[in-house]
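What follows is the residue order along each chain.
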Amino acid sequence: MWQYERKLQYPVKIKNPNPKYAQIIVSQLGGPDGEVGASLRYLTQRFAMPDPKIIGMLTDIGTEELAHVEIVSAILYQLTRNLTPDEIIKSGFDTYFVDHTTGIYPVAASGYPYTAAQFQSKGDVLTDLNEDLAAEQKARTTYDNILRLVDDPDVCDVIKFLRAREVVHYQRFADSLRIAQESMDSKNFYGYNPAFDKASSRNNNL
Amino acid sequence: MNMNRENLMSKVQAYSFAVKEANLYLDAYPESKAALDYYNKYKNLEVRAIAEYEMRYGPINLPSEAKSWSWVCGPWPWQNEEVK
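Just so you know, the protein sequences line up as chains A and B, in that order. For what it's worth, this note's numbering labels the leading residue of the first sequence as 1, then goes sequentially. For what it's worth, this note's numbering labels the leading residue of the second sequence as 1, then goes sequentially.
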């Protein structure tokens with residue numbers, strides 16, 4: 001069960017609207033390495049995890065990603081206030097605007113709508129945790145690219161916070177991978193499937 | 001899961017559900033005195049039931065103060081078997 005907390009995890013206060021920036025940053029909502037996919041990835045993967053500590057990590061990071069969905073949406077909302085049709089056409093935001101006006105919709109910067117085809121929930125401890133480590137790095141790179149293209153301190157401040165969280169999540173997933181590997185039988189270090197083979201997991205013989 | 005634990009969880013779930021229902025109703029009818037009374041009654045019962053459950057069986061919400069970290073102890077809510 002989830003409860004909504006009526007606050008942003010990090011404040012968003014953007015003085016100057018900029019639809020071009022919104023069109024770039026929307027990728028971190030519905031793009032291939034965006035926050036919607038991140039939260040769904042962790043919140044689906046946790047069911048097959050045999051280790052309660054790693055379930056906790058996926059639950060808590062997946063929940064934080066939902067807060068990041070809200071932060072990215074707040075950025076998009078503030079960047080697209082009070083636009084004139086002229087600004088919309090000149091900035092290139094028209095291709096988004098025609099379908100969604102200034103509503104918040106999860107798409108990649110390319111315009112491709114959010115799809116679950118961009119992540120995996122494989123039901124295997126090593127497979128899923130390695131995907132999670134890669135996912136955090138891919139999101140971090142995307143935030144780096146946004147920082148290369150955006151030059152408004154109000155926007156960059158929030159993007160830097162989100163980028164730093166990707167780095168921390170990467171470290172926590174590295175801890176999770178270590179915890180998982182420590183509980184595995186060293187003879188089966190690479191090939192085993194401890195999430196599926198419940199009998200071995202009960203013997204602590206992953 | 002022993003019966004006491006299951007019963008207490010049922011109470012928490014029932015009170016939380018009543019609170020959620022009142023929450024949605026009040027979103028549409030914020031002036032309703034009857035709904036406010038209903039909300040207050042069940043929110044109070046929910047808070048007390050959660051406190052009792054957490055004292056006996058472990059955290060439902062993140063603890064306000066923790067001497068040890070039982071947040072990650074199994075079983076998780078969807079696991080109907082006992083987990084280490």
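Treat the hints with care, as some may be off.
20 Å max Cα-Cα, derived DMTMM-like pairs, lysine to aspartate or glutamate [said to hold, decoys possible]:
#, chain 1, residue 1, chain 2, residue 2
1, B, 67, B, 46
2, A, 20, A, 182
3, A, 7, B, 27
4, B, 11, B, 21
5, B, 11, B, 27
6, B, 11, B, 52
7, A, 138, A, 86
8, A, 7, A, 157
9, B, 43, A, 5
10, A, 90, A, 151
11, B, 20, A, 5
12, A, 53, B, 54
Computed far set for chain A versus chain B, every beta-carbon distance over 10 Å [as the list claims (entries may be wrong)]:
#, residue
13, 47
14, 53
15, 56
To be clear, the hints were calculated from the coordinates, so they are not data collected in a lab. C-beta: ideal position from N, C-alpha, C; glycine also.
Here's how the hints hold up against the structure:
1. 67(B) - 46(B): Since the Cα atoms of residue 67(B) and residue 46(B) sit roughly 24 Å apart, the hinted pair is violated (cutoff 20 Å).
2. 20(A) - 182(A): Outside the cut-off at roughly 47 Å; violated.
3. 7(A) - 27(B): holds (18 Å)
4. 11(B) - 21(B): holds (15 Å)
5. 11(B) - 27(B): violated (24 Å)
6. 11(B) - 52(B): holds (11 Å)
7. 138(A) - 86(A): violated (35 Å)
8. 7(A) - 157(A): The given pair, whose Cα atoms are some 18 Å apart, holds under the 20 Å limit.
9. 43(B) - 5(A): With a Cα-Cα distance of about 16 Å, the restraint between residue 43(B) and residue 5(A) holds, given a limit of 20 Å.
10. 90(A) - 151(A): holds (18 Å)
11. 20(B) - 5(A): holds (14 Å)
12. 53(A) - 54(B): holds (19 Å)
13. 47: Non-interface label on residue 47(A) violated, nearest chain B Cβ at 6 Å vs cutoff 10 Å.
14. 53: violated (5 Å)
15. 56: Residue 56(A) is in fact no farther than 10 Å from some Cβ atom of chain B, at 4 Å.
Of the numbered hints stated above, those contradicted by the structure are hints 1, 2, 5, 7, 13, 14 and 15, listed in ascending order.
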